[in-house]
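K.L.:
In case you want the letters, here they are:
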Amino acid sequence: MAEMLIKNGFVFDPINRINGEKMDIAIKDGKIVGSVNERRAKKIDATGLTVMPGGVDIHTHIAGAEVNTGRLMRPEDHVKDVVRKTPLTRSGVGYSIPSTFVTGYRYSKMGYTTIMNPSMPPLEAKHTHEELNDTPMLDKASYPLLGDWWFVLEYLRKGDLTECARYVAWMMGTSKGYAIKIVNPGGLESWGFGRNVHSIDDEVPNFCITPREIMCGLAKVNKMLNLPHTIHLHTNNLGLPGNYATTLETMRALESVASGDKPVAHITHLQFSSFAGDGWGNMRSGAEEISKYINAHNHITFDMGQVIFTDTTTMTADGPFEYTLYELSGHKWVNTDIETETSGGIIPFHYKRNNAVNATQWSIALELALLIEDPWKMFLTTDHPNGGPFFAYPKIIAWLSSKKARMATLKKCHKKAQKKSLLPSITRELTLYDIAIVTRAGQAKALGLKEKGHLGVGADADIAIYNINPEKTDIARKYKTARRAFGNAAYTLKDGKVVVKDGEITQHVDGKTIWLDVQTAEQVKVDEEMKRRFKEYWTVEYDNYPVFDHYVKVPSPITVKADV
Amino acid sequence: MITLSPLKKFQYPVMAECINPDVFKGKTTAEIAALSVWEGNKQKTLGDLFAIEETAAENPSIVINGDASKVRRVGMGMKNGEIVVNGNIGMHVGEKMAGGKITVNGDAGGWAGSDMKKGLIEIHGNAGDYLASPYRGSSTGMRGGTIIVHGNVGSDSAVFMRGGVIKIRGNAGPFLGFRMGDGTVYVQKECGTRVGACMTGGKIIIAGALQEVMPTFTIDSIKPKVKVDETETAAGPFYVFLGDLAESGSGKIFVSKAVNPHLSMYEKYL
Amino acid sequence: MVQPKLRVTLLTGRTIEQGVGKEQGKSSHGYFEACSMVYMDAEDMKKLGVRNNTNVLVTTPNGSVVLKAVKYTRGSTPGLIYIPYGPWANAIVSDSTTSIGMPSFKGTPAEVEAAPDKPVLSMKELFKSQFGR
Amino acid sequence: MSIVKAVTCPVCGSLCDDIELTVENNEVVKVKNGCAMCESKYLGYKSEHRIRTPLVRKDGKFVPVSMDEAVHKAAEILANANYPILYGWSSTNCEAQRVGVELAEEVGGVLDNTAVVCHGPSILSVQEVGIPTCTLGQIRHRADLMLYWGCDPWSAHPRHLERYTSFTEGRFEDSAWKAYLQKVKAAAGKKKLVSAERLEFVKSRPRPQTQACTISGPPQTLKKDGRKLIVIDVRKSMTAEMADYFIQVEPNKDYEVMQAIRALVRDHELDVDKVGGIPVEYLEEVADALVNCNFGVIFFGMGLTQSAGKFRNIDVAISLIRDLNRRTKFAIMPMRGHFNVAGANIVSTWQSGYPYGVDFSLGYPRYNPGETTCMDVLLRGESDASLVIAADPGATFPKRAVEHMVKTPLIVIDPHMNATAMLADIVFPSAFVGIEVGGTAYRMDNVPLPLKKVVEPPAGILPDEEILKRILEEVRIIKAQKMAKQAEAA
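Residue numbers (my numbering), protein chains in the order written: chain A, 183 to 746; chain B, 582 to 851; chain C, 139 to 271; chain D, 46 to 535.
Hints in this document: simulated from the structure, not taken from any laboratory. Please note that the accuracy of each hint is not assured.
To be verified - Only pairs whose alpha carbons sit at most 25 Å apart, straight line, appear in this in silico DMTMM-like list of lysine to aspartate or glutamate:
no.	chain 1	residue 1	chain 2	residue 2
1	B	Lys804	D	Glu314
2	A	Lys707	D	Glu65
3	D	Lys527	B	Asp629
4	D	Lys75	A	Glu710
5	B	Lys590	D	Glu427
6	A	Lys707	D	Asp63
7	B	Lys625	D	Glu533
8	A	Lys267	D	Glu427
9	C	Lys262	D	Glu314
10	A	Lys291	A	Asp206
11	A	Lys683	A	Asp656
12	D	Lys77	D	Glu533
13	D	Lys50	A	Glu718
14	D	Lys77	A	Glu711
15	D	Lys50	A	Asp656
16	C	Lys209	D	Glu286
17	A	Lys262	D	Glu147
18	D	Lys103	C	Asp233
Take the sequences, apply the hints, and build the full model.
P.N.:
This is how it looks when you write it as structure tokens:
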């Protein structure tokens with residue numbers, strides 16, 4: 183069968199503690215193996231190149247109803263970045279919300295092989311999966327939005343964690359989801375009548391429950407179910423000055439669920455939740471306070487939500503936050519509330535260097551990433567496309583690994599932001615080993631994806647090879663070389679197949695769709711009562727709600743045994 | 582000077598953004614003939630579709646002789662030089678223009694001068710819809726430069742206009758100056774309905790007839806005359822309306838008092 | 139004798155009968171019945187001397203078509219005629235799209251006159267006369 | 046005999062998914078829960094208007110041919126075309142639509158769906174101002190004010206009110222059904238009274254009608270708790286008869302009326318007394334009602350997208366909703382017509398970035414309605430071949446557009462001998478989506494629903510997806526042969 187040998191590369195595989203050693207990687211039938219027949223195997227000469235596991239993205243909005251509405255509303259975004267059909271690849275459009283095929287190709291060109299689509303309303307889960315089927319080159323999974331689901335609110339209010347857990351387990355299978363996503367807990371239900379919650383102890387109208395109870399309840403449910411990832415949390419008051427206090431309170435509240443050193447929550451796009459000040463006029467970074475806390479505790483992981491200075495499209499289930507952006511900008515505004523489950527909003531947004539708030543946001547994400555010492559807690563994202571398009575990742579790698587690179591950008595920023603930025607005082611520069619953690623190994627570990635993010639025997643042969651010679655190139659000084667290299671992989675291998683060479687697609691492959699089959703001792707009872715309740719809550723029939731198996735082109739379910 | 586003459590009557594759209602003085606500059610006729618254009622879904626060369634002749638004259642840089650009404654994107658993004666079209670020209674002529682001059686001795690298709698920044702477009706026939714209006718979804722229209730149309734223009738012109746001057750010697754269609762923010766539009770004859778709807782700034786001068794003013798405009802004053810640009814002043818008197826109130830805007834519409842006696846009922850609010 | 143003509147505004151649109159007819163099949167009798175007619179205001183019909191269920195000729199700058207006039211019974215709509223979507227309406231609607239792809243199916247000017255002796259064409263006859271097929 | 050429950054109805058954009066069908070001998074014999082159109086479709090699909098075999102026009106007459114021959118002929122036309130259009134897509138499933146985008150890309154054609162003559166203008170406005178909206182359940186649970194503007198759900202979406210809006214029970218809002226019955230009773234009482242009066246004073250002059258707010262009469266409001274229903278239209282439709290408040294607007298004046306309401310919502314005063322024939326005081330009342338509800342929604346239809354102003358009418362409606370959200374909670378939703386026109390927009394968007402009117406002639410997707418929409422391409426006479434599937438432009442396009450379509454080779458894929466098929470050169474019979482073939486469709490609020498296959502299609506009749514795949518495959522073969530020939534010649 184198909185054997186391959188990647189010879190002589192500098193391997194960065196942090197999960198197996200391999201730091202730039204020159205070694206060979208053997209592949210057989212799409213998996214990494216101990217050795218292959220040297221003569222028979224196809225060889226890739228990686229001499230002088232950097233070899234890493236395929237990139238993993240823990241949080242990127244690439245598919246589903248909301249992303250697609252974003253595409254629909256922004257022809258002026260597409261028209262500046264068109265992609266021609268080739269004999270191998272489909273045509274499409276790029277920029278901030280690329281069409282599905284182009285999304286797959288562009289991730290693959292950067293050496294990414296696995297992505298997590300973090301915002302799936304269960305009612306529209308079929309849509310998400312249909313789009314994922316048309317997103318080639320990548321393995322992918324989605325997080326169903328459960329934080330404001332009426333079932334969750336009602337069972338947590340009753341204090342019935344076990345029943346809540348059963349329903350969450352049912353929902354993972356029904357929506358073909360991977361992790362519990364919580365967005366502005368309580369705020370989205372309140373948004374149903376145009377209101378919001380403003381602290382983690384505000385009561386949700388009509389449901390008599392607080393965000394604190396929702397987050398802690400679902401974190402406990404997450405543990406009871408033994409889900410591979412933690413709860414995936416978008417905090418209350420996101421995007422508002424002074425919200426770092428809410429974020430600190432949130433993390434403190436979650437201490438009650440923590441035990442040992444295992445994380446119990448992932449706070450996503452932390453940059454947007456780390457604003458100090460009490461208004462836009464004096465908005466400043468709260469990174470110092472947040473990083474102090476995270477350095478002293480082990481129950482939290484986070485991703486950056488880096489801001490890129492460009493015209494992009496913001497989209498989140500946090501409807502009330504998008505409304506705030508609409509009030510601030512007056513731009514075209516989409517709001518989509520989903521019955522019984524969640525909400526959503528979209529606003530185009532142009533982050534500008536010469537805007538004090540935007541420049542401060544840019545600085546905050548880098549401050550967090552650099553001040554928080556343990557790279558295994560921190561992951562590189564832009565919250566695509568909220569902070570900026572994912573194809574800007576190489577820029578972020580440069581900013582993280584080169585003080586020279588970030589100072590060059592800071593110099594062009596708004597004076598006020600420059601003055602307040604902590605970046606001039608930070609000397610830390612991430613190494614290639616650190617970069618491998620924050621772009622793949624750490625993300626795979628936080629996700630509990632055992633066959634991703636490393637190059638040990640048994641791992642999926644998802645591999646990225648970059649044109650960087652660590653013996654000759656110091657990426658802290660030659661950051662432009664690093665930027666080019668990470669933007670155009672010398673090779674990307676997906677399941678042992680070469681799919682990219684020299685930054686060009688060589689083969690169109692379908693990736694797998696990963697979801698959880700959570701097995702509980704007792705399952706949700708599907709009886710007439712359940713169906714009646716269903717009819718009351720939703721406008722579709724129970725029979726038509728689930729994501730049936732045929733909605734997934736290449737299925738890859740993971741079975742999880744729950745404690746309930 | 583390069584002269585282009587269509588070799589046939591086109592049925593399919595011809596995309597020819599290469600017809601641009603900046604692109605032609607420094608090229609031999611052979612090189613110009615080899616430039617890529619699209620006819621329908623087939624990629625062709627300029628020489629496949631046009632007879633190309635070079636003469637020694639400096640100006641204009643490019644002349645198109647004949648019916649080019651299916652030829653789109655001529656002069657797109659041009660910065661220098663001059664194009665003269667002796668005949669009709671297709672959509673998107675002078676789109677994203679940043680300098681130079683285009684003269685059309687015939688009619689122009691839709692989106693002429695779309696996203697224009699600088700330069701001059703003069704159309705001696707009629708212009709289509711969306712004159713000087715931006716691409717779908719964009720909220721930035723014409724930012725500068727001058728457009729003169731001697732005939733009539735279609736609907737939705739000067740949408741999202743942010744600067745520059747448009748002079749229409751004939752009639753204008755509906756929704757002229759929709760969501761306009763700045764700049765000046767001067768209509769010398771009849772103007773269509775919903776003029777200035779959702780405008781927040783800028784001025785629209787109507788010297789001809791106007792059926793009705795949007796109900797969301799309020800009368801401000803009567804002015805004897807109004808300046809169009811450095812070279813031209815329109816003689817009134819004009820009713821001056823402010824709006825659009827639905828956008829709490831402060832755009833101005835000047836409407837000829839003499840031609841529009843039916844608007845005299847507004848005078849009671851003065 | 140000069141035929142009295144009435145200047146009206148033409149609307150085309152959905153009726154439940156047209157909706158049911160189209161699902162039965164475009165060549166069904168139900169569809170023909172539902173679409174080859176025009177709703178008119180009772181007063182307007184009186185002005186033209188047209189009785190309920192008799193034929194009229196509707197003319198626009200785009201063409202003319204013979205339809206069965208039917209009295210609109212829900213409220214008065216003077217100066218308005220309503221033809222259900224279909225090939226008969228399409229024979230006369232304005233095809234101006236104002237460059238957005240959408241013809242002007244509603245709100246175009248038209249003229250109506252009595253045509254008691256002219257027949258309403260079947261879809262086949264109509265197509266034959268329009269497209270030769 | 047078997048009963049199939051929870052079937053999704055493949056007729057209109059409401060996509061009711063609670064239909065119960067009784068199937069006997071591979072035939073639907075009974076329909077429960079459906080409206081008149083639903084019944085008509087499920088009972089009429091087997092009618093004599095069904096096409097039984099592929100047809101090719103020879104000497105002006107249709108001749109039955111084999112599937113292979115029809116596929117080859119169609120593929121040849123498309124592969125050799127310089128600017129073909131591929132139109133329709135709204136009455137088929139997303140699976141077929143996906144192949145459709147690929148086929149359009151392969152032949153370098155213009156891909157367009159029926160949104161162009163339906164809610165395409167709405168999409169153009171969404172691209173300029175966005176859209177605050179929600180799923181239909183949100184309205185059922187929360188809305189206390191429904192406004193139908195320029196649409197008549199009673200005729201076009203018959204179960205819309207009973208499933209999603211006025212006459213449903215929600216978590217926070219009750220059905221207005223009881224109130225409606227009371228109103229009907231009251232109206233009947235009044236009618237009785239009026240007729241009694243008439244009997245008494247036979248010779249007295251008839252009273253002016255006060256049933257609705259017409260241009261000449263004052264609006265009628267009925268006090269009731271709970272949800273309110275307002276209808277604004279150019280004529281009194283069936284839906285208007287059920288409304289609490291009906292406002293009749295002059296044709297082509299919706300834009301002015303809505304813009305005036307916007308100004309009023311922003312507390313501006315107007316210099317005029319009437320807008321679109323409606324006294325400003327009434328509009329002030331409407332503005333008050335809109336601002337003071339807890340959760341309002343506007344549904345709009347072709348009355349706005351097809352009358353003067355077209356997409357600007359939607360722009361102003363959405364802008365009104367944007368303004369209203371500063372005061373209360375408000376949503377807006379287009380009443381989508383075909384059962385999967387939403388799906389056609391959605392699939393086209395995720396694959397190409399654009400919802401309709403996508404021109405692939407340059408090798409990448411390009412979008413500019415007015416330029417790249419098939420209606421305009423036809424009216425300008427630019428296309429040289431057409432493929433029509435799951436739509437009937439022969440019955441829905443203006444005459445001049447059909448004229449050009451008939452002048453060039455026309456390929457039709459449809460279960461029925463519809464108007465376009467009658468004019469075609471090649472006709473493929475296809476299986477009925479949602480009856481003989483399953484798949485996915487998107488509701489008007491973009492909620493995906495599964496379609497069910499309840500009976501087998503007639504022998505030899507294929508689903509749209511399969512027919513398209515065969516044509517696509519054949520197109521690729523023909524193109525490869527052509528390339529090989531060219532290479533040889535070179």
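K.L.:
Next, verify each hint and record whether it holds.
P.N.:
Verification of the supplied hints:
1. Lys804(B) with Glu314(D): holds, 23 Å
2. Lys707(A) with Glu65(D): Since the Cα atoms of Lys707(A) and Glu65(D) sit roughly 24 Å apart, the hinted pair holds (cutoff 25 Å).
3. Lys527(D) with Asp629(B): Cα-Cα ~21 Å, so holds.
4. Lys75(D) with Glu710(A): holds, 24 Å
5. Lys590(B) with Glu427(D): Distance of about 12 Å is within 25 Å: holds.
6. Lys707(A) with Asp63(D): Judged against 25 Å, a Cα distance of about 21 Å means the pair holds.
7. Lys625(B) with Glu533(D): holds, 20 Å
8. Lys267(A) with Glu427(D): holds, 23 Å
9. Lys262(C) with Glu314(D): violated, 56 Å
10. Lys291(A) with Asp206(A): The given pair, whose Cα atoms are some 22 Å apart, holds under the 25 Å limit.
11. Lys683(A) with Asp656(A): Distance ~24 Å between Lys683(A) and Asp656(A) Cα, so the pair holds.
12. Lys77(D) with Glu533(D): Roughly 63 Å separates the two Cα atoms, so the pair is violated.
13. Lys50(D) with Glu718(A): Status holds; Cα separation ~18 Å.
14. Lys77(D) with Glu711(A): holds, 22 Å
15. Lys50(D) with Asp656(A): Since the Cα atoms of Lys50(D) and Asp656(A) sit roughly 66 Å apart, the hinted pair is violated (cutoff 25 Å).
16. Lys209(C) with Glu286(D): Since the Cα atoms of Lys209(C) and Glu286(D) sit roughly 17 Å apart, the hinted pair holds (cutoff 25 Å).
17. Lys262(A) with Glu147(D): Cα-Cα ~22 Å, so holds.
18. Lys103(D) with Asp233(C): Distance of about 31 Å is beyond 25 Å: violated.
In terms of the numbered hints stated before, the structure departs from hints 9, 12, 15, 18, listed from lowest to highest.
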